[in-house]
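If you read the sequences in order, they're chains A and B.
Here this note's numbering is used: position 234 in the first sequence is 234, and no number is missing along the way.
Here this note's numbering is used: position 112 in the second sequence is 112, and no number is missing along the way.
To be clear, the hints were calculated from the coordinates, so they are not data collected in a lab.
Note that the structure is a prediction, hence the values are computed from the model and not measured.
All the given hints hold, so there is nothing to weed out.
Calculated lysine-lysine pairs in the DSS-like style (CA-CA distance at most 25 Å, straight line): (1) A:LYS33 - A:LYS17; (2) A:LYS458 - A:LYS444; (3) B:LYS134 - B:LYS124; (4) A:LYS17 - A:LYS48; (5) A:LYS466 - A:LYS415; (6) B:LYS69 - A:LYS188; (7) B:LYS72 - A:LYS188; (8) A:LYS492 - A:LYS415; (9) A:LYS188 - B:LYS124.
Derived coverage of chain A by chain B (criterion: at least 3 residues anywhere in the stretch with Cβ under 8 Å from a Cβ of chain B; other residues may be distant): (10) 223-233; (11) 238-251; (12) 276-282; (13) 300-313; (14) 332-339; (15) 361-369.
In this text, a Cβ means the ideal position worked out from N, Cα and C, and glycines have one as well.
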Amino acid sequence: MSQEDPRILELRAMREKVRQGGGKARVDAQHAKGKLTARERLDLLVDKGTFHELEPYVSHQGDELGIAMERIPGDGVVTGYGKIEGRPVYVYSQDFTVYGGTMSDMVSRKICRLMDLALRNGAPLVGLIDSGGARIQEGVKSLGGYAEIFRRNARYSGCIPQISVMLGPCAGGAAYSPAITDIIIMVKGHSYMFLTGPDVIRAVTGEVVDAETLGGCETHMSISGTSHFAADSDEHALAMTRDLLSYFPSNNIENPPSAPSTDPIDRMDEALNSIVPIDPMVPYVMHEVVERLVDDGSWREFQPTWACNALTGLARMGGQPVGIVGQEPSVMAGVIDIDAADKICRFVRTCDCFNIPILTLIDSPGFLPGVDQEHRGIIRHGAKVLYAYAEASVPKVSIVTRKAYGGAYVVMSSKYLGTDVTYAWPSAEIAVMGAEGAVNILFKKQIESALDKVAEAKRLAEDYRKRFNNPYFAAASGYIDDIIEPRETRLKVIEAFRALRDKSSPTPPRKHGNMPV
Amino acid sequence: MKMKLSVEGKTFEVQVGDLTANPIIVMIDEERLEVWPVEEPAPAIVTPPVTSPVAFPKHSARVPVPVWKPRKTDVLPGTENSVIAPIPGVIVEVNVAVGDHVVYGQVVCLLEAMKMRNPLRAAKPGIVTEVKIKPGQHVHYHEPLIVIMPES
Chain A
1 MSQEDPRILE LRAMREKVRQ GGGKARVDAQ HAKGKLTARE RLDLLVDKGT
51 FHELEPYVSH QGDELGIAME RIPGDGVVTG YGKIEGRPVY VYSQDFTVYG
101 GTMSDMVSRK ICRLMDLALR NGAPLVGLID SGGARIQEGV KSLGGYAEIF
151 RRNARYSGCI PQISVMLGPC AGGAAYSPAI TDIIIMVKGH SYMFLTGPDV
201 IRAVTGEVVD AETLGGCETH MSISGTSHFA ADSDEHALAM TRDLLSYFPS
251 NNIENPPSAP STDPIDRMDE ALNSIVPIDP MVPYVMHEVV ERLVDDGSWR
301 EFQPTWACNA LTGLARMGGQ PVGIVGQEPS VMAGVIDIDA ADKICRFVRT
351 CDCFNIPILT LIDSPGFLPG VDQEHRGIIR HGAKVLYAYA EASVPKVSIV
401 TRKAYGGAYV VMSSKYLGTD VTYAWPSAEI AVMGAEGAVN ILFKKQIESA
451 LDKVAEAKRL AEDYRKRFNN PYFAAASGYI DDIIEPRETR LKVIEAFRAL
501 RDKSSPTPPR KHGNMPV
Chain B
1 MKMKLSVEGK TFEVQVGDLT ANPIIVMIDE ERLEVWPVEE PAPAIVTPPV
51 TSPVAFPKHS ARVPVPVWKP RKTDVLPGTE NSVIAPIPGV IVEVNVAVGD
101 HVVYGQVVCL LEAMKMRNPL RAAKPGIVTE VKIKPGQHVH YHEPLIVIMP
151 ES
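Chain B on its own, in the form it takes in the complex (with noise of 0.2 Å):
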């Protein structure tokens, strides 16, 4: 292949020689060029990301839910419709009476507890059935407090 090539107002007269060669031979007027192609570098493997659901949900610290939530070791057997004294106690204001709907994490009364007035919320929603405890009153570690049957 010959080709006339001008670079800045100088012409020259280039020839490359066989492209597949190694090394092509690049004649320009008459002085004799090596060229030495390189390898391009085999594209590197890219792992795709593993499609499978998100490992942890990504809440953001500047909005954090702090979603209340019933814990199974609150339920004893023979207690799944009570509310129960998580720690023993003294109940300082009971915020439901027997008849009252309530719904899933109303605060049915306030325990002090350990230093803190700890609001004890319904498990489930229903119908006050039963009020087992006044203000003023001693409660015992895992004491069945308050019944709140489920509305049929």
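Only chain A is shown next, with the shape it has when bound in the complex (with noise of 0.2 Å):
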């Protein structure tokens, strides 16, 4: 057998050095906190054998001060294409254990190439986020590349689908890349998010406070509303990654895949009919609705802890993915308040932005009274969940489940926001407000002058619901398209969004809307 050609010889000794990322002993140290390296991830993610690396010998070129640093070639991040189901992605995968995963002039122009043949070729982009921070030692070349992903992660907004999987620390500046992409991932116990740390914390504020606190998976999931699902380790946020990707289409121009379902479009679900209870002050559970309507086991909810008063999700009908919107009465009556008004507008845009149709559950008494929410603005913040609705060109189907009072029925997609067809179970509300309130404005006259102010006003309460707290006075106007079974709620959504696929709407010329936030 001939002698291998030396060349070929120091390719593969270079090959199995880039492997080898920051060496034996940073890959162990990085195996002893439970986290996986940036290789390992990605071959988790992506098909098995799919992974094409790019620019692997890239390495740091500045020194400027002079701090004398190994060149490893690949610097800090790991960049390349592969498949997912047999689907296109492009992934930047940092390598903590090369200089911390840290952000310098390299890595943010390999990072910005990747990101630049995702959008040429439409297909999504992935972020495993495991980084230290700015490099110091880059100074301000380390800042301006933050500076050009963040412009590259807002102008390809919308054009195709971004996920942030955070495996390790993003602090700082950083974490503005994962706030701008569609959804974040974040990962239990060694993830965190902030930006400014602890340490700078205590010197301004004085307040101590550890980084789990301040800014990890828990506090982000359930207090920020920063992070849209939890993982319980690296191995689970990239099966999830996955799992989501098949939800969403490769760019703004393709429709979102379908998949076989087993689940028959025309399963009537018996239990629904009963789901409302008789009286209409006792609560119920829209998420059960919600798992009873949608293909069995299909649901995804985003931010499931945060904002419980809404939900929101993607799910599959038919096969067909759906953006899932609703109230949920058994937490805060169903109120809409900032949070749950921020969660459903910036949910409803990321549906619009990827072609995804959206059904809304509306049981929702109205907006969250109080000095507090008026004076930090729940104006805007309602005001973005109607500029949402009536901006998306989607196919859109709402039901009214039980209460749609006041400004909450006319954000939650009421019919002449634009919606395309707007169903109401019987046991349907639609008012401008309450039975009691109503009448104390409407009869105040009659109530005084009347012997027994008492009775008489719940006389005409009593009458006043009986005239609103039924869906025929919406539907005899023209405000609802159908009066359904709840039962038969599957079929009729399933159908619909049949009969809408091909619902041209087009926006009228513009640089782009200006929604309030």
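Dock chain to chain to rebuild the complex, using the hints, since each chain is given by itself in its own frame.
Listed below in structure tokens is the structure:
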């Protein structure tokens, strides 16, 4: 057998060096923290054998501060393309074993090149984030590198799905990149996001807080609303990413992919006919309604532990991806407050970007009253909900399951905001305000002149309820397309979306809208 | 390779040439046939499913499990042991008294607000040490209502 060409042997040696990242000691340290390395994560994310790395020999260039640093090929990030369920995807994976995954000029160039490729080829971009922050040695070059990435995140937003998987720290300005992307998945225990870390906060405000409390997974899932999904481990987060991408088209031109479903589209669910209690004061669980409507096991709830008075998530109905928005009457009576408005608005726009039709389940008694909410600007936050619905050009179907009062009814995809098909259950109550409040305004004099004021008010309220606490008044005026039995909702919704599949609703020419934020 | 084959009572003399040749020459009686073997396509690369954990728990639509969970935003600094009003409203029913033991998730009072009787629940087990409300009382947003101290 002939001797191997030494040039081939050298290439093989170089490849092996690249593969080892920051070396055995740092890889072991990474494993000891319960984390996988950048390349192990890529192997789990994309289909086996489909990942192809780009620019593995790029290494950092500048050394202005005179700090002698070993040049590690690849620098702090692995970039490349692969396939998820056979569909192309572009991925960058920050390598914490190489200078702590810090952002250098070259790291930024690698990531930006990948983002440009993803856009040009109309394929999703996934970022696996595990970085110590800016590389201080590179000074402003590192900051400029961030800006280059942010600019692309923003400009490509709505063109290709962008998912950020938080698998380690993401501190300082770096946290803005995930914030722009469509979905953030955080791993419990070792992912953090904050602009100013615990040390800075202690120095400036004196507050003592640890990284987990300040910006860990639970904090962003339950308090700040920054993160959309929580994962138990790196493996779990990567499996979630694969799963979620199956609901998204590869870009804003394509339609979302359908998946075969064994759940019959004409499945009648008798339990739905009795799910809304007769007494309108008794709550029920809207999550159960959702689970019963969608293809079995296909419900993926966004932000399940934040602003729980609203629910948002993706599911499949008849195999076709659908975005579902609703109120949760068992939490805060399903009122819309500032957080709920933010949650709904963001989700509706996510669906609209990527041609995912929207089903809205309305049961809201109104906006949350209070000085606090008004002063914090519930007007502009609530306005976002109606802005998003009015702007969304995807097929929209809404169902009033029970309460639809006042502004909350209007903003939640009411018919004349541009909803294509509006249904109501027989339990629907559509009115400007509740019975007691309404009669106190409408019949103020009549009540005051009555002998028994309380009895008169009660009689009038009862009369009001009879007229408005049903869907027939709204249906008679054409504000509701049909009143349906709850059990047949699944079939009605699927057929509606099929009828609306080729909907075309062009946006008037403009640079972009000016949504209140 | 020579052989005799009988098909429907008729006998043919068949001679098959080199099997590695392309084409393979087959003589049937005096007739010469060329057989062009077709390359079998390479087996498709099968992607084994990712061996990581199930991405999302698959609970069946037929068996929904609405589990109540305390919300982090219902815990404010200084009220860690209190049940607070998530929305402003009127208390219509108080289900516990001082000294009662309560379990996780137990309904401690009903708050009528936003056209709904909202059950408020204990976020952790313990003993009721203070009830600051009575039926008919108006309560503010985030007002502490009932104090439940953990049992030591």
